[in-house]
Structures are given as C-alpha cells and as structure tokens.
Amino acid sequence: EESSSTALNVVVAATYVDDSMLEGLKTELSTLTDYPDITVSAVATGDSQADPMGTMAGMAKLSGMMAAGEVDVFITDADNARRYGDNGEAYIALADLFTGEELAAIPAEATGVPVLDDESQETGETSAPCGFVLSESASALAGLADLQIFVFANCEKTDAAKAVVSLLASME
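The sequence shown maps to residues 211 to 382 in the working numbering.
Hints are computed from structural coordinates only; laboratory data are not their basis. Because the structure is a prediction, the values reported are computed rather than measured. Among the clues, some could well be false.
Pairs of lysine to aspartate or glutamate residues, derived as EDC-like cross-links and limited to a Cα-Cα distance of at most 20 Å, are as follows [to be verified]:
{"hint": "1", "residue 1": "Lys-236", "residue 2": "Glu-382"}
{"hint": "2", "residue 1": "Lys-236", "residue 2": "Asp-369"}
{"hint": "3", "residue 1": "Lys-372", "residue 2": "Asp-257"}
Could you build all of it, start to finish, from the sequences and the hints given here?
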C-alpha cells in the first residue's frame, strides 16, 4: 500500500481489543481535518495467563509493526508501554515533542515508563515523561480503560502525532 508511508499510524494495543472497538477513536481523530490520513489499528496482546500463544502472536505482530516503522502513535496499557518502551528511549520525550507552554495546556497527567535493569527488573526509576495517562473518556473511545499514549522516536510525522496526542490528552 502506497498510503501507509504518508499515513500516521495510530496503534491501540491491549489484552483484548479489535478494530470494531476503535470506531469512537476513529471518529474523534477524523475531527483533525489538517491530518486526514490517519490509520487506526488494533493489536490484541492477549492474556498471558489464559492464552500464552495468543500473547506471543500479539507481541510478535506488534514487534514486527514496530520494526517496520508502522507504529507512530502508541495507545496502550502501562504493561505494554513498559514492555516496548526501552526505558523510555523508544518514545519521544514530551519535552522534545511539545513546548513548555503546550505541555502546560494539556490537562492529562504526563508519565514516563519504569526503567528496567539488564534482567528486565524495574529499578524503581522512571524515564523522563514521554507519554500521557488518558482520561476515562479518551480511553473509552477505544472501548478500554486506563490507557496511555506515546509517540515512537522513529515517527517522522510529528506534527500529526502531536495533534493526535494533544486531542486525546486534552479530553476531560
């Protein structure tokens, strides 16, 4: 597909999520008329206890998409944010994406990801803020709760990504 190179790819990853759950999110993002080319897709990461194979398949799919540069904006739960965050280095720091003034105008709580040691254990430290905790109403657009939003460091369409993050992180 030619379009994927110009589109901003928004990926929602959660234990159970499918494309049908994302209609509200798609509708909300369609209000960003300056950025008509936004794709929204779901990746179910599965319940590792109940369905380890499903979890492996979901993680493999997500990792493949990330490796191919097909994930620009990442909307996910805290677990996946940490798993794919590479101690925060996988995401653009909010201070690099927004001006101080812009950040001050966004009501959502800024969040970093837990820093892990070489054995993937949490060190107790947190990365610089690189995402936002979405409100209940913003999370509900994806039919989910307790979501966070991040922009991958390799995202080239940062203006569009900023618009998406600002819109969702500004929902009360």
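Handout entry: Restraint status (C-alpha distance of Lys-236 to Glu-382 at most 20 Å)
Key = 18 Å, holds
Problem - 20 Å Cα cutoff - pair Lys-372, Asp-257 - result: It is violated: about 31 Å lies between the C-alpha atoms, which goes past 20 Å.
Handout entry: 20 Å Cα cutoff - pair Lys-236, Asp-369
Key = Distance of about 18 Å is within 20 Å: holds.
When the structure is compared with the earlier hints, a violation turns up for hint 3 alone.
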